[in-house]
Amino acid sequence: MSEKKILIVEDEKDIAELIHFNLFKGNYGAVIASDGEQALKVANEQLPDLILLDLMIPYISGLEVCKHLKGNAATSEIPIIMITAKGEEEDIIKGLEAGADDYITKPFSPKVLLARVNAVFRRNKRDGLDGQKVLHTNGIIIDPIRRKVTASGTELELTFSEFQIFHLLAQKPGWVFTRSQIVDLVRGKNHAITDRAVDVQIVGLRKKLGEQGLLIETVRGVGYRYSETHQD
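For the sequence shown, this note's numbering assigns the number 1 to the initial residue and increments by one for each residue that follows.
Check the hints yourself; a few may be wrong.
[To be verified] Listed next, the in silico BS3-like pairs over lysine-lysine satisfying Cα-Cα at most 27 Å (straight line):
1. 172 / 148
2. 106 / 207
3. 25 / 67
4. 70 / 94
5. 133 / 67
6. 172 / 67
7. 148 / 111
8. 70 / 41
9. 111 / 207
10. 148 / 13
11. 67 / 148
12. 5 / 41
13. 70 / 133
14. 5 / 148
15. 133 / 41
16. 106 / 133
17. 208 / 106
18. 94 / 67
19. 13 / 133
20. 133 / 94
21. 111 / 133
22. 13 / 25
23. 111 / 5
24. 4 / 208
25. 4 / 148
26. 13 / 67
27. 41 / 148
28. 148 / 106
29. 148 / 94
30. 94 / 25
31. 5 / 208
32. 111 / 25
33. 13 / 41
Everything labelled a hint here was simulated from the structure, so no lab data went into it. What you are looking at is a predicted structure, and each value in this text was computed from that prediction instead of being measured.
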């Protein structure tokens with residue numbers, strides 16, 4: 001049994017128990033909270049390693065729970081996968097901007113859920129590395145100190161904004177960043193960037209990366225992610 005504990009926040013008992021069963025099969029410990037108030041209490045008392053958070057829960061909505069947790073120093077680093085029955089772009093964007101690390105829509109297969117959980121833990125393990133470390137990914141070398149990107153042995157001439165965005169995405173492969181998140185995360189270095197400008201920078205990045213530019217994937221209606229393996 002893994003030492004990692006997962007908090008399941010789900011008011012539908014059958015679904016909560018199904019998730020609990022499959023996490024147990026995946027060697028994870030788990031505890032269930034059936035509403036927003038209970039979720040905040042358990043999260044603060046037990047400090048789980050990951051939270052599966054349904055958006056539609058009683059008393060305090062999943063979105064508000066996410067905001068509370070990410071705004072609390074004690075729980076801000078706990079990764080959150082939000083669960084939504086709607087699958088609407090607006091819900092997904094709001095959840096990601098509130099700090100959720102990933103999302104999954106109902107209905108989902110237990111295998112897909114477990115894969116998402118495993119992926120988040122893998123990403124978080126990588127995120128513990130120094131953000132100034134040289135990145136090697138898919139034949140691309142990203143040197144944040146010298147602000148240099150080399151692809152297949154050729155140094156690319158990236159603009160400052162292109163480099164900042166690419167470095168951000170490549171540090172967290174698989175993570176979905178909304179345009180607003182990208183703006184907020186790079187704005188400290190470049191106040192001129194806007195939501196629309198992000199799209200322009202992505203186009204430029206893809207062009208300069210050539211075939212490897214396909215690794216920067218568009219998540220329709222949400223934003224962008226860097227994939228370690230492009231899927232058509």
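27 Å Cα cutoff - pair residue 5, residue 41: holds (15 Å)
Does residue 25 sit within 27 Å of residue 111, going by the straight-line distance between their CA atoms? holds (11 Å)
Straight-line alpha-carbon gap residue 111 to residue 5, limit 27 Å: This hinted pair holds, its Cα atoms lying about 18 Å apart.
Are the Cα positions of residue 172 and residue 67 separated by 27 Å at most? holds (21 Å)
Assess, step by step, whether the Cα of residue 111 is no farther than 27 Å from the Cα of residue 207, and give holds or violated. violated (36 Å)
Straight-line alpha-carbon gap residue 133 to residue 67, limit 27 Å: With Cα atoms ~30 Å apart, residue 133 and residue 67 exceed 27 Å; violated.
Is the Cα-Cα distance between residue 148 and residue 106 27 Å or less? Since the Cα atoms of residue 148 and residue 106 sit roughly 42 Å apart, the hinted pair is violated (cutoff 27 Å).
For residue 70 and residue 94, compute the direct alpha-carbon distance and say whether it is at most 27 Å. Within the cut-off at roughly 13 Å; holds.
Straight-line Cα separation of residue 13 and residue 41 no greater than 27 Å? The hint holds at about 19 Å.
Residue 5 paired with residue 208 [C-alpha distance capped at 27 Å]: Measuring from Cα to Cα gives roughly 43 Å; hence the hint is violated.
Regarding the pair residue 13 and residue 67, is the alpha-carbon distance no greater than 27 Å? OK: residue 13 and residue 67 at ~24 Å, within 27 Å.
Assess, step by step, whether the Cα of residue 172 is no farther than 27 Å from the Cα of residue 148, and give holds or violated. holds (18 Å)
When held up to the earlier numbered hints, the structure conflicts with 2, 3, 5, 7, 9, 10, 11, 14, 15, 16, 17, 19, 20, 21, 24, 25, 27, 28, 29, 30, 31 and fits the remainder.
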